[in-house]
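**Q** Each chain is listed here by its residues.
There are 2 protein chains.
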Amino acid sequence: MNIYDISKKAGVSIATVSRVLNDSPRVSEKTRDKVLSVMEQNSYTPNVYARGLGLGSMNTIGILCADSSDIYLANAVYYLERDLRQHGYSSILCCTGYELESKQNCMKLLLSKRTDAIILVGSTFIEKRAEHNNYILEAGMEVPVMLINGYLEGSNLYCSLCDEHQAVYDVTSRLLNQGFDNPIHLYRALSYSGLQKKEGFLQAISEKGLNPQDRVHECSGDMDDVIDFLDSLYDSGKRFNAIITSNDELAIGAIKFARAKGLRIPEGISIVGHNNSKLARYCEPELTSIDNKLEMICIHTVTTLMRIFDNKNVANKTMFSAELIKRQTTSFN
Amino acid sequence: MNIYDISKKAGVSIATVSRVLNDSPRVSEKTRDKVLSVMEQNSYTPNVYARGLGLGSMNTIGILCADSSDIYLANAVYYLERDLRQHGYSSILCCTGYELESKQNCMKLLLSKRTDAIILVGSTFIEKRAEHNNYILEAGMEVPVMLINGYLEGSNLYCSLCDEHQAVYDVTSRLLNQGFDNPIHLYRALSYSGLQKKEGFLQAISEKGLNPQDRVHECSGDMDDVIDFLDSLYDSGKRFNAIITSNDELAIGAIKFARAKGLRIPEGISIVGHNNSKLARYCEPELTSIDNKLEMICIHTVTTLMRIFDNKNVANKTMFSAELIKRQTTSFN
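The listed protein sequences derive, respectively, from chains A and B.
If you use my numbering, the first sequence corresponds to residues 1 to 333, in order.
If you use my numbering, the second sequence corresponds to residues 1001 to 1333, in order.
One thing to keep in mind: the hints can contain errors.
Unchecked claim - So, partial list: chain A residues that the calculated Cβ filter (under 7 angstroms) puts toward chain B:
id: 1; residue: Glu40
id: 2; residue: Ser68
id: 3; residue: Ser69
id: 4; residue: Ser220
id: 5; residue: Glu284
Derived by calculation from the structure, the hints in this document are not laboratory data.
Yeah, the Cβ is synthetic: ideal placement off N, Cα and C, and Gly gets one too.
Given these sequences and hints, build the entire structure.
**A** If you want it as structure tokens, here you go:
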């Protein structure tokens, strides 16, 4: 019985169960009572976190993430911290930035603080040149190393990820079959995950015999940069009727561009985001987005780590399937 | 010469300078060149962060924050980590949740990791009962303790905050003078900061002789909960023509509510958010929001800490003024 089972039985989100456990003011009295009664009926003891703390030994997990202001990474850190705390572990986080040397230094720092394991959040930690990943392999010789949404082979390395290649392939194919025969793909960076998405897009269009040239674009900076980029693409005469992006923020830029140009969403142009972050519901029209199961991946990672600590068998790689969350920027059934 | 000066001279945002320093893929070649050339002209050495790392002693600052998935707190952590790294310091973060016992345990954990200072992010750390703040005062006996947007008096405690009372008072008064004579205030929680905002609102309406009853509402949960709350308020016959909120997410819920009810924004109803997060530009219409100068507060906090380490004089309390960022949900000049 874990936090996920409680949420299903109580008919509330995991976030709500978590708020109850953390005594957050952001939950109503009624919901709190319902969740607590489900816990009682199922003999669930939430306060196991007192176990590891204050008893001499401090069970501590080190988390590395590139950038805590990225909403996907920030959510991953939140899920991991929450689940680790439920299992009696504290976590300490280092934000590394994107530079290799800084990643290596942060890893050294966390290991020096005698953490029991290391979790790397996000595929920006997987470098293209194999020797640049040596510091990760070396860390695996000291403690278990868990990767969130990235894949690297090595001893004592455990990867949980989402099949984003398949997800982007599927949604692109569906758009093509629906008649949106002129799609483009916007991505932020070609990390391991970014590469999977791009290749999923390219596979779908090549199966339809479309020329891939000028269909895949790197788009950096803030929302205004995305709008500017699409404006200049459009003004140069390029036309497209579907935009598939590698994250929701790019997609919101695409929505703003389309509205400003008077293009009708989704009849004239379909737009698909990625991550299914809460941003997807803030914009107008609300954004269809690929849910890459971040919360499940984080829960699985912590569960796997606990099994490792208990000397139980675990898999080195676990792949989750994504789910398309349909909203108003597409016209799928 | 710091990162802030470089950004002004180069005519780009601090975030962009930071991306250049961190070698982020999210910046164009042209911008990168411009920023690097300004740094060169001003003899700015970005890579001071190599100073503290890898040389035996690890300069490390401990950061406590309640919830890394909160966009305001996540941004604060991002700004702090970035500036500390520029000064040669690593940071390690604990996410505490909202429970006092957990905050105390996380503080103990960070102090046990021999951090050189502690930064508390957000006013949720200031408890109403004085004895509950003792663990913060005790930490101040070991290392400098910096508070972001909260105020507590004590030895070796340094607070940087924004005058949010004044900011909410000002915007409420302006709306009243503009004829939006029936305002309500939505808040998430009555933390130190939440209380300041609420009192600013109440002062403005009482000066206009308005009855405060039924004008101030706690609103917890997700966007749908905010919409449901406003729906039921409206359906119970209550009317209002301005909604002033304690954060941007509440305000986006208010926009969704108003659109669904067919209320015209801003002619029929004005809406004001708080924090001026990037969410304010994702919604439609784009949101007028109070900028509470989080980035300046974080830069100031790190600068102050460095002065403390250098045995220079610093103030125990620094108050910044907020700025109203006008967008489409109000009709101010």
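**Q** It remains to establish, for every hint, whether it holds in the given structure.
**A** Each hint tested on the structure:
Checking Glu40(A) against chain B: minimum C-beta separation of about 19 angstroms lies over 7 angstroms; hint violated. Nearest Cβ of chain B to the Cβ of Ser68(A): about 5 angstroms, under the 7 angstroms cut. The hint holds. This hint holds: Ser69(A) has a C-beta 4 angstroms from the nearest C-beta of chain B, less than the 7 angstroms allowed. The criterion of a C-beta within 7 angstroms of any C-beta in chain B is met by Ser220(A), whose closest approach is roughly 4 angstroms, and the hint holds.
The closest approach between the C-beta of Glu284(A) and any C-beta of chain B is roughly 4 angstroms, which is under the 7 angstroms cut-off, so the hint is satisfied.
Checked against the numbered hints listed earlier, the structure breaks hint 1 alone; every other hint is satisfied.
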